[in-house]
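So the sequences go chain by chain: G and E.
For the first sequence, numbering that gives the first Met the number 0 assigns the number 0 to the initial residue and increments by one for each residue that follows.
For the second sequence, numbering that gives the first Met the number 0 assigns the number 0 to the initial residue and increments by one for each residue that follows.
FYI, nobody ran anything at the bench for these hints, they're computed from the structure.
Do not take every clue at face value.
As the list claims (entries may be wrong) - Calculated cross-link-like contacts (lysine-lysine; reagent style BS3-like; alpha-carbon spacing at most 30 Å): (1) K19(E) - K162(G); (2) K498(E) - K692(E); (3) K143(G) - K19(E); (4) K165(G) - K143(G).
To be verified - Residues of chain G clear of chain E, computed beta-carbon distances all greater than 12 Å: (5) L31; (6) S46; (7) I70; (8) L111; (9) Q118; (10) I126; (11) I132; (12) I204; (13) M238; (14) D290.
Unchecked claim - Only part of the chain G face toward chain E is listed, based on derived beta-carbon distances under 7 Å: (15) F55; (16) G100; (17) K115; (18) S186; (19) E225.
The structure displayed is predicted, hence computed values, not measured ones.
For each residue, glycine too, the CB sits at the ideal point set by N, CA and C.
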Amino acid sequence: MKLNLTIVLLACIATLSAQTVKVTNHYEITPLTEQSAFCPVISPDGSKVVYTAHNFSGLKSYDLATGEMKIITNADGAGFDPVFSLDGSMIYYRPQSRIDGRVHRSLDEYNLNTQKTRQLIAPSRDIKRPVAIAGGMEVVADNKLMKSVGSKIEGCYVYSVIKEGKIVVCDGKSTRVLRPYGDQVESYLWTSISPDGNKIATYAIGKGVVILDLNGKILAELGNFEAPVWYGNDFVAAMKATDDGHQYTSSKIVLLDRHTRQAHDLTSPDEMGMNPSASAEAGKIVYNTLDGKIFMLELSITR
Amino acid sequence: MKRIYIVIIALLGCLGMQAKDMTGLKIYINPGHGGYDSDDRNVAVAPFAQGDTLGFWESSSNLHKGLMLRDLLEEQGAEVAMSRVLNRTEDDLDLHVISREANEFGADLFFSIHSNATGTSNRVNFPMMLFKGYTENPAKPEDKVVAKILFKHLIENEVTYWTQTSEYVVGDWDFYPQWGTSGLGVLRGLTVTGFLSEGSYHDYIPETYRLLNMDFKYIEAWHFTKAVMEYFNTDGFTKGNIAGVVYDSRMTRTESYVQHGRDKQVPLCGATVTLLPDNITYTTDELFNGVYMFRDLAPGNYQLKIVAEDHYDRTVDVTVTANTISYANIAMDRVRSTPPEVTSYSPIMENETDSINCTTPIVLNFNWDMDVESVEKAFSIDPPVEGTITFEDSQYRMVFTPDRPYEVATLYTVTLDKSAKHPGDMSMEEDFSFTFLTQGRNQLKLLAASPSEGSVLHYPKPTLEVRFDNVLDAVNIRDLITLYDSDGNKVSINLRSAKYNQLDGNYGNYYFSTASDLVQGANYQLRIDASLHDVNSLPVVDPIVINFTAGDVRRTEVAAETFETADMITFDATQSVGTTTAKAARSTSQKLFDSAAYNFTYTFNANEAYALYTTGGTFAGSTTVDNTQTIGMHIYGDLACDEIWLQLTSDNDTQEVLLTTIDFRGWQFREVRLDQLPDGKSYRVSAIKVARKSPFFSDSGSFFLDNMLVYTSSGIPTIATSKGIKVYPNPVSDILNVQSETPISGMALYNLSGYCIATSPDAAIEVSDIPSGTYLLKVKTEGNDFCYPVLITH
Numbered sequence: 000m001k002l003n004l005t006i007v008l009l010a011c012i013a014t015l016s017a018q019t020v021k022v023t024n025h026y027e028i029t030p031l032t033e034q035s036a037f038c039p040v041i042s043p044d045g046s047k048v049v050y051t052a053h054n055f056s057g058l059k060s061y062d063l064a065t066g067e068m069k070i071i072t073n074a075d076g077a078g079f080d081p082v083f084s085l086d087g088s089m090i091y092y093r094p095q096s097r098i099d100g101r102v103h104r105s106l107d108e109y110n111l112n113t114q115k116t117r118q119l120i121a122p123s124r125d126i127k128r129p130v131a132i133a134g135g136m137e138v139v140a141d142n143k144l145m146k147s148v149g150s151k152i153e154g155c156y157v158y159s160v161i162k163e164g165k166i167v168v169c170d171g172k173s174t175r176v177l178r179p180y181g182d183q184v185e186s187y188l189w190t191s192i193s194p195d196g197n198k199i200a201t202y203a204i205g206k207g208v209v210i211l212d213l214n215g216k217i218l219a220e221l222g223n224f225e226a227p228v229w230y231g232n233d234f235v236a237a238m239k240a241t242d243d244g245h246q247y248t249s250s251k252i253v254l255l256d257r258h259t260r261q262a263h264d265l266t267s268p269d270e271m272g273m274n275p276s277a278s279a280e281a282g283k284i285v286y287n288t289l290d291g292k293i294f295m296l297e298l299s300i301t302r
Numbered sequence: 000m001k002r003i004y005i006v007i008i009a010l011l012g013c014l015g016m017q018a019k020d021m022t023g024l025k026i027y028i029n030p031g032h033g034g035y036d037s038d039d040r041n042v043a044v045a046p047f048a049q050g051d052t053l054g055f056w057e058s059s060s061n062l063h064k065g066l067m068l069r070d071l072l073e074e075q076g077a078e079v080a081m082s083r084v085l086n087r088t089e090d091d092l093d094l095h096v097i098s099r100e101a102n103e104f105g106a107d108l109f110f111s112i113h114s115n116a117t118g119t120s121n122r123v124n125f126p127m128m129l130f131k132g133y134t135e136n137p138a139k140p141e142d143k144v145v146a147k148i149l150f151k152h153l154i155e156n157e158v159t160y161w162t163q164t165s166e167y168v169v170g171d172w173d174f175y176p177q178w179g180t181s182g183l184g185v186l187r188g189l190t191v192t193g194f195l196s197e198g199s200y201h202d203y204i205p206e207t208y209r210l211l212n213m214d215f216k217y218i219e220a221w222h223f224t225k226a227v228m229e230y231f232n233t234d235g236f237t238k239g240n241i242a243g244v245v246y247d248s249r250m251t252r253t254e255s256y257v258q259h260g261r262d263k264q265v266p267l268c269g270a271t272v273t274l275l276p277d278n279i280t281y282t283t284d285e286l287f288n289g290v291y292m293f294r295d296l297a298p299g300n301y302q303l304k305i306v307a308e309d310h311y312d313r314t315v316d317v318t319v320t321a322n323t324i325s326y327a328n329i330a331m332d333r334v335r336s337t338p339p340e341v342t343s344y345s346p347i348m349e350n351e352t353d354s355i356n357c358t359t360p361i362v363l364n365f366n367w368d369m370d371v372e373s374v375e376k377a378f379s380i381d382p383p384v385e386g387t388i389t390f391e392d393s394q395y396r397m398v399f400t401p402d403r404p405y406e407v408a409t410l411y412t413v414t415l416d417k418s419a420k421h422p423g424d425m426s427m428e429e430d431f432s433f434t435f436l437t438q439g440r441n442q443l444k445l446l447a448a449s450p451s452e453g454s455v456l457h458y459p460k461p462t463l464e465v466r467f468d469n470v471l472d473a474v475n476i477r478d479l480i481t482l483y484d485s486d487g488n489k490v491s492i493n494l495r496s497a498k499y500n501q502l503d504g505n506y507g508n509y510y511f512s513t514a515s516d517l518v519q520g521a522n523y524q525l526r527i528d529a530s531l532h533d534v535n536s537l538p539v540v541d542p543i544v545i546n547f548t549a550g551d552v553r554r555t556e557v558a559a560e561t562f563e564t565a566d567m568i569t570f571d572a573t574q575s576v577g578t579t580t581a582k583a584a585r586s587t588s589q590k591l592f593d594s595a596a597y598n599f600t601y602t603f604n605a606n607e608a609y610a611l612y613t614t615g616g617t618f619a620g621s622t623t624v625d626n627t628q629t630i631g632m633h634i635y636g637d638l639a640c641d642e643i644w645l646q647l648t649s650d651n652d653t654q655e656v657l658l659t660t661i662d663f664r665g666w667q668f669r670e671v672r673l674d675q676l677p678d679g680k681s682y683r684v685s686a687i688k689v690a691r692k693s694p695f696f697s698d699s700g701s702f703f704l705d706n707m708l709v710y711t712s713s714g715i716p717t718i719a720t721s722k723g724i725k726v727y728p729n730p731v732s733d734i735l736n737v738q739s740e741t742p743i744s745g746m747a748l749y750n751l752s753g754y755c756i757a758t759s760p761d762a763a764i765e766v767s768d769i770p771s772g773t774y775l776l777k778v779k780t781e782g783n784d785f786c787y788p789v790l791i792t793h
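So that you can see chain G by itself, here it is in the shape it has in the complex:
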């Protein structure tokens, strides 16, 4: 009942905005087999969700239509930034291990149809987050762009370098460094490229969520939100958490319009929504709460 009321209120608030953003449905999808689940990632068609445990160990897939749950891996660190292939049949993830005390990550591919895993990159000290491209994925590992489908498939890849204030754009032919805020910003986080490959969404420490073009030009500053992920090419889903220095005190999920710079609240702060993952194709955003429940937001956006 409380949830329904929240939906109504948020839908009304969103409707008042210039863009009409409606939450048409808002419901919990935590698998019954789980006491808690975190960091959900939704498949491009919105039919599946992968999620992990509170400590990022293991990765499981959950079919929203059938309720079927599959264990992809129990590996440590596998739950940190897994990626679906564009057709939703593959999961790319980075198991974590320690060699001589130092953290290493490998890159594994899991086929949801055959339920088979293969290691694409052996444990390494520097493997960035993979990005889905047509037929597979691309990733920067040890400063080299690698593609699972051969270099002929085009795909622009972006990543940021912590404490160096830079975003690196590489397309397999050239690499260029973007410093959109110069020395003002030390780190860019949650950096990702838009589905159309033309824009970058990132979180610039001290600036908030910003949209850049591939040359580093600032297209939009969308405000002090965190964890931006693309929702289509015009919107970014993000979160806004507050804390008292020790614990989180509130957190909400928002949808940011890169054109109007408007922030549409999708959940209320006391629901403690975090870690959004979005599929504009399916009109869905999933997120987890602080206590490990996974929720689904279904959106309707009209201009």
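Position chain E against the provided structure of chain G, taking the given hints into account.
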């Protein structure tokens, strides 16, 4: 062949010994809080005011440690990222951002640097490590492994003072159960190994001052680095350090904040510590911590020369080894250049007629802090008094507290002979002596109590009262005068009924009612603590225990007089002495039987006084009494300790018998045998008389009478006591003695069957041949007989 093996082994050994620094290691440092804002923690210590950014702020302290840790790690080759390097509100990143940055950085280890606070008056100091998960079930087991390593290193810090050293490494889900499994926000989103360090307690004020010293914070950062070295198995430091605190060997801090152990000693500001042979000097800061440190020293032997104002110089040897901090906390002795002397003392008599309270401690103040042992030996008091000597104000003050009050009206001479010395080994040049005269009282005395020892107290919510020879100090009085049942359980009292008063003549009392009825037949104890004292601080000295039994005092035989009829008794002023007003009236407010009792009130204006109330012709109907009978009366007393007499009249003969002393409060049944009446004559109760007796607690009094009984006297004397008679010892095994204010004409001892088994013409009676048991001693005095229970034991 053998030679080849040796070469191979040697090569392997060299490989094993190959230097291994932190190159390639990624460490993320999060100095907690930031910005001197509401999310920060400020502890105001002098000379800094609340809010002064130069004072202690956790954000600043954490940042200093973090920056020094960064430098130490980078010197070892590690790659370090920090969540902030400045201390502005905007540098204090959201927790979600901090953990994300550490994750994207690919940190091998995440440090969140904090310090702790109790936030209460209980001040402690020890490190605490928090990791994600339950203590015995960490979310990421490596978090706990490295947290334990760090605790082990932090606790090695000897510049601080730890109030406990046992390992304190806990999961945040256990430590913050109110947050469920949410835990600390900064650990929540970490994929990398990490923990939160509460390095010490910044609201333990001596630690607050230390945390204002940069070298002290460096020590924590240095221990952090050592933990990283151990966890990643990298090379240790090739150099060593010396650190410690310079403090006075005897002087203690005068500030009121909590201090533990060595922190009680005064840290020396402005002391210089010179490292020899390097000849490098460190001057301790002015922030009351005494901390010094020499960093990055080549291993070897060193000397420290310490110079502090008004203290003897000291030189200490210190050996420095690589990868360690050699701790040398240095106690400095003060220079005491003149002989000790007493600068002031107490008690002082203001004039020759002055006198001193018998509990006053003796205080000697000195010009130097004194040597305890020599002062204790040099101190004497004549006449001798047992007591305890303590020292205060860093041994500048000696206090002698007598174990028991001094004797009354006694001239005491206090002497400190000249052998008393200070730690500089100089003695006093002359003996010191003074005298004081004590006052006339040295003890708070209990004058009356209801219940009295061995008595029966009427059970329904009784009021218990004690009266003393001075007004009581009411502080904690409810805890000092208490009621217990026979199982040792405290009996609840009606708190609103508990009162203390100043009575006439400066006497004092305290009374209370029980919250519930007492259990009939059960034994109770009224306990008065030895520390109960009066407004002049005189204590009762020894604890007082009054044993009594709860019971129903009502006698249900047919009453000769029920006191139900009004106007039977009239105050007769002409036959009274020293009485201002008096009245006898039927009263329904306080009754034991039926509808009413009689209330007798009176006000005296002289010490020798009595009020006579004459009875009308209808009193007790036509009942007469003779010397074979006993009159029993139900009496509600007020503990005035006055006496109630019955006047008996037969024609022209009038006799008076003592019914009771009003040494009780509430209802009692008291009886008087009429043995003293002449044989063969019948008497009627013609009057009731109340006579004033000391102590004179009040000019006014009030008592009630209800159902009067008349019956044939038994062979057993009834208990009738007098305050003027003392029977001792009791229990007795040989000679039973009686001390009386009035002459004794004889004594007789009865067993409980009423048989007289021994007599004596004087005030002593031999009981050594009488079997053990309870007996009744009848004491005959001029005019009255009294009777006391006696216990004979062998």
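Consistency of the hints with the structure:
{"no.": "1", "hint": "K19(E) - K162(G)", "in the structure": "holds, 25 Å"}
{"no.": "2", "hint": "K498(E) - K692(E)", "in the structure": "holds, 24 Å"}
{"no.": "3", "hint": "K143(G) - K19(E)", "in the structure": "holds, 28 Å"}
{"no.": "4", "hint": "K165(G) - K143(G)", "in the structure": "holds, 17 Å"}
{"no.": "5", "hint": "L31", "in the structure": "holds, 19 Å"}
{"no.": "6", "hint": "S46", "in the structure": "holds, 27 Å"}
{"no.": "7", "hint": "I70", "in the structure": "holds, 19 Å"}
{"no.": "8", "hint": "L111", "in the structure": "holds, 23 Å"}
{"no.": "9", "hint": "Q118", "in the structure": "holds, 19 Å"}
{"no.": "10", "hint": "I126", "in the structure": "violated, 9 Å"}
{"no.": "11", "hint": "I132", "in the structure": "holds, 21 Å"}
{"no.": "12", "hint": "I204", "in the structure": "violated, 7 Å"}
{"no.": "13", "hint": "M238", "in the structure": "violated, 8 Å"}
{"no.": "14", "hint": "D290", "in the structure": "violated, 6 Å"}
{"no.": "15", "hint": "F55", "in the structure": "holds, 5 Å"}
{"no.": "16", "hint": "G100", "in the structure": "holds, 4 Å"}
{"no.": "17", "hint": "K115", "in the structure": "violated, 25 Å"}
{"no.": "18", "hint": "S186", "in the structure": "holds, 6 Å"}
{"no.": "19", "hint": "E225", "in the structure": "holds, 6 Å"}
Checked against the numbered hints above, the structure violates hints 10, 12, 13, 14 and 17; every other hint is satisfied.
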